[in-house]
Each structure stands twice: as C-alpha cells, then as structure tokens.
Amino acid sequence: MDFSEKNSPTTLPNPSVFAEGLKDILSGGILDLPENFQNNDDLFDLGLDSMAIMQLLILIEDRFSLPIPANLVTKTHFCSIDALSKLLAELSSSPGQPG
Amino acid sequence: MNPRSPDPIPFFGSDCFILALNGLMQRNGQAPLLGQTVLTLAETPDIASLKNALASLANRHPLLRAKVRRFFFFPPSWQIPTSPAPLPPFFLWHENASPSSSPLRPLPADSLPIEDPLAFQKKLLSSPLLPRDEPWHFRADLILLQNGKCSLILTWSHLLLDGKGAELLLQELQNLDSLPPCSPPPKNQKKHTSTLKQKFALLKKIASHFSSLAQTGFPSLSRPKKTSGNTKHADFETVFFSEKETAAMKQKSEAMVGPLFHLPFYLAGAFRAIHAAFLLRSLECASLAVSIPSQTRPKKGASPLFQNRISMFFFRLHKEEMLSFSSAVQSLSQQFAKMTREKLDEAFSLLLDALRWLPPRLSIAFVLFQGKGNFTSFFHSHTGEFLPGTDRFFSAKIENGFHVPAVSSPPGTGVFLSEFRGKTTMTVSWRDGDLSPHEKEAILHSLRTDYTLPETPQNQGEK
Numbered sequence: 001m002d003f004s005e006k007n008s009p010t011t012l013p014n015p016s017v018f019a020e021g022l023k024d025i026l027s028g029g030i031l032d033l034p035e036n037f038q039n040n041d042d043l044f045d046l047g048l049d050s051m052a053i054m055q056l057l058i059l060i061e062d063r064f065s066l067p068i069p070a071n072l073v074t075k076t077h078f079c080s081i082d083a084l085s086k087l088l089a090e091l092s093s094s095p096g097q098p099g
Numbered sequence: 001m002n003p004r005s006p007d008p009i010p011f012f013g014s015d016c017f018i019l020a021l022n023g024l025m026q027r028n029g030q031a032p033l034l035g036q037t038v039l040t041l042a043e044t045p046d047i048a049s050l051k052n053a054l055a056s057l058a059n060r061h062p063l064l065r066a067k068v069r070r071f072f073f074f075p076p077s078w079q080i081p082t083s084p085a086p087l088p089p090f091f092l093w094h095e096n097a098s099p100s101s102s103p104l105r106p107l108p109a110d111s112l113p114i115e116d117p118l119a120f121q122k123k124l125l126s127s128p129l130l131p132r133d134e135p136w137h138f139r140a141d142l143i144l145l146q147n148g149k150c151s152l153i154l155t156w157s158h159l160l161l162d163g164k165g166a167e168l169l170l171q172e173l174q175n176l177d178s179l180p181p182c183s184p185p186p187k188n189q190k191k192h193t194s195t196l197k198q199k200f201a202l203l204k205k206i207a208s209h210f211s212s213l214a215q216t217g218f219p220s221l222s223r224p225k226k227t228s229g230n231t232k233h234a235d236f237e238t239v240f241f242s243e244k245e246t247a248a249m250k251q252k253s254e255a256m257v258g259p260l261f262h263l264p265f266y267l268a269g270a271f272r273a274i275h276a277a278f279l280l281r282s283l284e285c286a287s288l289a290v291s292i293p294s295q296t297r298p299k300k301g302a303s304p305l306f307q308n309r310i311s312m313f314f315f316r317l318h319k320e321e322m323l324s325f326s327s328a329v330q331s332l333s334q335q336f337a338k339m340t341r342e343k344l345d346e347a348f349s350l351l352l353d354a355l356r357w358l359p360p361r362l363s364i365a366f367v368l369f370q371g372k373g374n375f376t377s378f379f380h381s382h383t384g385e386f387l388p389g390t391d392r393f394f395s396a397k398i399e400n401g402f403h404v405p406a407v408s409s410p411p412g413t414g415v416f417l418s419e420f421r422g423k424t425t426m427t428v429s430w431r432d433g434d435l436s437p438h439e440k441e442a443i444l445h446s447l448r449t450d451y452t453l454p455e456t457p458q459n460q461g462e463k
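Line order of the protein sequences matches chains A and B.
So that you can map any letter, position 58 of the first sequence is 58 in the numbering used here, and since no number is skipped, the others follow by simple counting.
So that you can map any letter, position 219 of the second sequence is 219 in the numbering used here, and since no number is skipped, the others follow by simple counting.
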C-alpha cells in the first residue's frame, strides 16, 4: 500500500494507518511477536536491539517512503508500535516529506 | 513415555546446528562448544547465599539438566527431568599463595588450591563440561585470587545457552526472591508469517546468496590436527580496553557508521585482522565471509534464558575491500541494508528450520559441502552492554564482566566484544594449532589499530 498517496501533507494522518504495516515489518523476521501482541507492548522487552532498529529503519523507509532522521531514533519513539506509528504520522505530515 | 512427564521442548533451528557442530567437534578431538561468562569481583561475594541461589535456580529451571531426546527422524528436543534437582555444580578455589606472601583473607575450608587461574580457565574451556554422569549444562567456579579479588567463571554449553542467555541467568540468580514463577518454555518454533510461495522464494534467495559466496570461497585459518590422538585445545587472549580507549573507539565508530548501529565498524576490524593472519601465511584469499547472529530473543516472557534464538546474516568482503578499514566498513553497511531489504535473515531462519529435520551429521555435512569445508571464515559478535543495571553480585562489587566463547575448528578463530560500564573487553579465541603466536600478534595489532587509532595512510599501509 502506498501511504504517501493517501496522506495529505497538511493534515495529520491517523497513526493507525501505519500500525498494521509496522506489525507486518516486525513480524517478518525482525521480532518474534507473541500471539496476544498489542500495539502498546514494549518492543524492547520483545528483543528490539540496535540491529533490529536498523532493520526497522531501512524497511520503514522502503515501505512508507519516510526516512526517520537520526535525532528521532530514540527509545521513546521506538518503544511500541503505537509510539512509532505516531512518529510516522507526524513525519508524513511535516513539510518536506516525500508524498 | 511416562504420561506425567513434561512435554519435550523442541530445539530451535540454530540449536540443531550447534548440536551438529558439537558432533563434528567431538569427531575431530575437540570438546563440545562451550562458552564462559566471567565476572571480576572486587571482593569475595556472599558464598553461602550464592550456593543457595544456585540450588533454587536449578529447581526453577529443570532445562539446565535436560537430556537431548532424539526420536527416529523427528527433530531433536529437550527431555525435561521430573526428579528434584541435585545440588548444581559449584566449585570453590583459591589461588595458591607464594611462599613469601601471607593470605589476604581467611580461606573457606572447602576451597581447593590452584596455581594458575588463567591456565585453569583455559582447561575448563577445553574439557567436557562435567563427568559424563553429571547432567548439567553449566558449572560455576569461584576463584579467590591472591590480590583479594575474585573471579566467577560460569562455563556453559552452547547447546542450551549463549552469551546473552548466560547474562540473564546471572541476573536471575541474584534476583530469585523477587521473580514471578517461571513460565514454561515455548512449545513451538517461531511461526513464519509468509505463505508457502513466499517461503520458497526466500529459500531460493538464500540459496543464491550462498552460491554467490561459494564462488569466491570463504577460507578459514583452521588447520588439520597433526596426529589422530591429539586434541585441539581451546585457547584465547583477552584485551581490556580502558575507558579512554573505549571512548576513542566509539567516537571513531560514530564518525563512520552513525550513533546507532556499530556492527559494520567492529566486524570490519575483525575481517581485516583475520585477513592479516592470512597475509602472514602467504595464502591466496580472494574473499572472506562470516555469519553474524541476529538475536530474536525476547527479554521477558516465556523462558528467555535458554536456547540459541538467532538467525544469521552472511557478510563477505573481497580482498580489495579489506585493504582499507573505511572501505571495509562501507561495504559491510551496504551489505546489511541489502540483506535486510531481501529478508535474508528470515530466509536463513527458514533454512535452519528445514535443516532441523535432517540427522545432525547429515546437516553439517551438507553445510560443509556447500562451503567447501567451511561454514564461516571466523566467528564474531559484539554482545553490547554487559549486565546493564547490575553493579553488585552477591554483595561484591562487579569490576568487569565479559564472555570468553570457545570456537570450533573450522573456522578455528573468533573475535568477541562486550562492554561493561564504559570499558570494552575483547576476546580473541582460537583452537590449538590454528594460530601461530606471530599470527595471533598480527590479529591483535590489527584490531587495536583499526578500533582505536585515527584513520591515517600509515595505519592503512600496515596491512
């Protein structure tokens, strides 16, 4: 799905738009998500380490056309799918982003 | 089977590979693949509490003395014992005082003397873990050193634990009172979400990646043992970097690969160090390739301590790329991005799952055949911060903590790093006969230069 076409750069898209995509990326080999996984579960407790974050950054950029600047790669932004979806929603609505 | 016995715990794909590797090592006169986790303590810990905690830990985790169960053509699994745990293997030693010195502390009555703690540690790493009738997959040795400090050596079987698992075990050991009851280990393998068609496409990708690696080859420094009776002992040298050196290392890494992901930096140094030894042997080496574990271990949840929960990334450097540190780092960063996009770690995890169904001897033969006698040119890992948030161990201040993994031959060598409170420890491991003293020195010199010194034409020209 091309999210960049759906989201207007002037309105803040609903973060849930990104949640399913993120879950898909994470479960595709990066983390072993439990069956009862919730979007607010702590990703660091599930084993998210620097290698996994790097993989996530690359795959997010490919999937959503949204590069995440290094200064935004923080524990707070990467602690859960909910937090990361919110960050992506903000990034996609900020001027200068592709799409 | 006894219906009251707990269900067996299935092996993960990477466990099966270690099982197969253990078999190969034993056939080649090497002890099974062991690792050590070492704590340097500023003073003697509370030994009575440590012993009690070990006994409780043994009851909490029957997997620590589980047997490998094989049933016809099914993948291996762990058979959990139902009997109460006997006392786990804890040994107390003291470094023999020189005749002129007086002991710094009263020695416990049950401690035994040893002459050379380092030689003792190496012997532990080279021998079977315990006598054959002892079921344990670990042993703990506490050595009271002559200088008043202590060394706790946890030696563990790689079949059940890895470095991160051993750290979690130590953490659990001293927090047993506050821990919730242990949840049962996972019964199922990681479920791959892809469809059969997608799985086939992934397996095709990894097969093509391997055949590309095999084209240029990936030799190792392993040498055949000289006589059939000789065993190839595990050997190692540990380098303790100061805070200043560690800070320089991090600064250099950050300038080259950014603040987050340092793997290309440390791996490039290891590649070039092993290549330096090849150059000393005047061996033609078109490229080296290495398998790097990518952890899929949850920190919480069902039994996060045990088993090897990894997939692999396979990196390769051609000899031209190894001529300069910066070109090596750059190439590895690009390879990581490419492998991530192609999902090669997931593909490798699928391959490991498939290999579970092969008898271990056949699976290792298959892997070695594909790699023309090798499966990696060397071993490498950086396990990151050691025991984050833990400063004391049974009342004794922890001065340092690090891992000393043994390596199999092939590949015969490995470079391992970890960090404790701003100080990096690096262990270079090898098998007896696979490295000459001159080659070992070349490896250590190359690592020190690449990791800590600024990039200059002089540094590059030394290779």
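Note that these hints are calculated values from the structure, not bench results.
Some hints here could point you the wrong way.
Stated by the list, open to error - DSS-like cross-link-like pairs, simulated, lysine-lysine; straight-line CA separation at most 27 Å:
(1) B:K397 <-> B:K244
(2) B:K122 <-> B:K440
(3) B:K67 <-> A:K75
(4) B:K205 <-> B:K250
(5) B:K123 <-> B:K319
(6) A:K23 <-> B:K199
(7) A:K86 <-> A:K75
(8) B:K51 <-> B:K67
(9) B:K250 <-> B:K338
(10) B:K67 <-> A:K23
(11) A:K75 <-> B:K319
(12) B:K423 <-> B:K440
(13) B:K123 <-> B:K205
(14) B:K204 <-> A:K75
(15) A:K23 <-> B:K250
(16) A:K23 <-> B:K338
(17) B:K319 <-> B:K440
(18) A:K75 <-> B:K338
(19) B:K122 <-> B:K204
(20) B:K440 <-> B:K252
(21) B:K244 <-> B:K319
(22) B:K252 <-> A:K23
(23) B:K423 <-> B:K250
To be verified - Example chain A residues on the side facing chain B (calculated, C-beta under 10 Å, incomplete):
(24) V17
(25) G28
(26) G29
(27) D49
(28) S50
(29) M54
(30) L57
(31) I58
(32) D62
(33) A70
(34) L91
Stated by the list, open to error - What follows is a set of in silico ranges between Cβ atoms, one per label pair, in the way DEER data are often shown:
(35) B:C182 <-> A:T74: 43 to 49 Å
(36) A:F37 <-> B:R392: 30 to 36 Å
(37) B:P437 <-> A:E20: 54 to 60 Å
(38) B:A214 <-> A:D62: 25 to 31 Å
(39) B:L118 <-> A:S93: 56 to 62 Å
(40) A:P69 <-> B:D133: 55 to 61 Å
Glycine included, C-beta positions come from ideal geometry on N, C-alpha and C.
Hint by hint, here is what the structure shows:
Restraint check for B:K397 and B:K244: satisfied, since their Cα atoms lie roughly 22 Å apart, inside the 27 Å limit. Simply put, B:K122 and B:K440 have alpha-carbon atoms about 17 Å apart, close enough for the 27 Å limit, and the pair holds. The straight-line distance between the Cα atoms of B:K67 and A:K75 is roughly 40 Å, outside the 27 Å bound, and the hint therefore fails. Proposed proximity of B:K205 and B:K250 is contradicted: the alpha carbons are some 34 Å apart, above 27 Å.
Distance hint between B:K123 and B:K319 is unfulfilled; the C-alpha atoms sit about 36 Å from each other, more than 27 Å. The hinted pair formed by A:K23 and B:K199 meets the criterion: a straight-line CA distance of about 19 Å does not exceed 27 Å. The hinted pair formed by A:K86 and A:K75 meets the criterion: a straight-line CA distance of about 14 Å does not exceed 27 Å. Of the supplied pair hints, the one linking B:K51 and B:K67 holds, its CA atoms being roughly 24 Å apart against a limit of 27 Å.
The hinted pair formed by B:K250 and B:K338 meets the criterion: a straight-line CA distance of about 25 Å does not exceed 27 Å. A distance of roughly 37 Å separates the Cα atoms of B:K67 and A:K23; the hinted pair therefore is violated under the 27 Å criterion. Annotation: proposed proximity of A:K75 to B:K319 is violated, straight-line Cα distance about 38 Å (limit 27 Å). Of the pairs offered as hints, the one joining B:K423 and B:K440 holds, with about 22 Å between alpha carbons and a cut-off of 27 Å not exceeded.
Taken as a hint, the B:K123 and B:K205 pair is broken in the structure, with Cα atoms around 42 Å apart against an allowance of 27 Å. Between B:K204 and A:K75 the alpha-carbon distance is near 36 Å, which puts this suggested pair outside the 27 Å criterion. Annotation: proposed proximity of A:K23 to B:K250 is violated, straight-line Cα distance about 32 Å (limit 27 Å). Among the hinted pairs, A:K23 with B:K338 is consistent with the structure: their alpha-carbon atoms are about 21 Å apart, no more than 27 Å.
Distance restraint check for B:K319 and B:K440: the Cα-Cα separation of roughly 20 Å lies within the 27 Å cut-off, and the hinted pair is therefore satisfied. Under the criterion of a C-alpha separation no larger than 27 Å, the hint pairing A:K75 with B:K338 is consistent with the structure, at around 25 Å. Proposed proximity of B:K122 and B:K204 is contradicted: the alpha carbons are some 42 Å apart, above 27 Å. Distance check on the hinted pair: B:K440 and B:K252 sit about 24 Å apart at the alpha-carbon level, within 27 Å; holds.
Annotation: proposed proximity of B:K244 to B:K319 is violated, straight-line Cα distance about 32 Å (limit 27 Å). Of the supplied pair hints, the one linking B:K252 and A:K23 is violated, its CA atoms being roughly 34 Å apart against a limit of 27 Å. For the hint linking B:K423 to B:K250, the alpha-carbon distance of about 11 Å falls within 27 Å, and the restraint holds. The beta carbon of A:V17 comes no nearer than 20 Å to any beta carbon in chain B, farther than 10 Å, and the hint placing it at the interface is violated.
The beta carbon of A:G28 is positioned within 10 Å of a beta carbon in chain B (closest approach about 6 Å), and the interface hint is therefore held. Against a cut-off of 10 Å between C-beta atoms, the interface hint on A:G29 holds, since the closest Cβ of chain B lies about 3 Å away. Residue-level restraint check for A:D49 holds (minimum Cβ-Cβ distance to chain B is 6 Å; threshold 10 Å). For the restraint placing A:S50 at the interface with chain B, the shortest Cβ-Cβ distance is roughly 5 Å, inside the 10 Å limit, so the hint holds.
With a least beta-carbon distance of about 4 Å to chain B, the hint placing A:M54 at the interface is held under the 10 Å criterion. At a threshold of 10 Å, the smallest CB-CB gap from A:L57 to chain B is about 8 Å, leaving the interface hint in force. About 5 Å separates the beta-carbon of A:I58 from the nearest beta-carbon of chain B, less than 10 Å, and the hint is met. The beta carbon of A:D62 is positioned within 10 Å of a beta carbon in chain B (closest approach about 6 Å), and the interface hint is therefore held.
Below 10 Å, beta-carbon pairs count as interface contacts, and A:A70 has one with chain B at about 6 Å; its hint therefore holds. Restraint check, A:L91 versus chain B: the minimum CB separation of about 17 Å is more than 10 Å; hint violated. The hint said 43 to 49 Å for the Cβ distance between B:C182 and A:T74, and at roughly 33 Å that hint is violated. A C-beta distance of roughly 35 Å is found between A:F37 and B:R392, which places it inside the suggested range of 30 to 36 Å.
For the hinted restraint 54 to 60 Å between B:P437 and A:E20, the CB-CB distance of approximately 58 Å keeps it satisfied. A hinted range of 25 to 31 Å holds for the C-beta pair B:A214 and A:D62, which are about 28 Å apart. The given range of 56 to 62 Å is respected by B:L118 and A:S93, whose C-beta atoms sit roughly 60 Å from each other. For the pair A:P69 and B:D133, the beta carbons lie near 59 Å from each other, so the given range of 55 to 61 Å is met.
Of the numbered hints given earlier, the model fails hints 3, 4, 5, 10, 11, 13, 14, 15, 19, 21, 22, 24, 34 and 35; all others are met.
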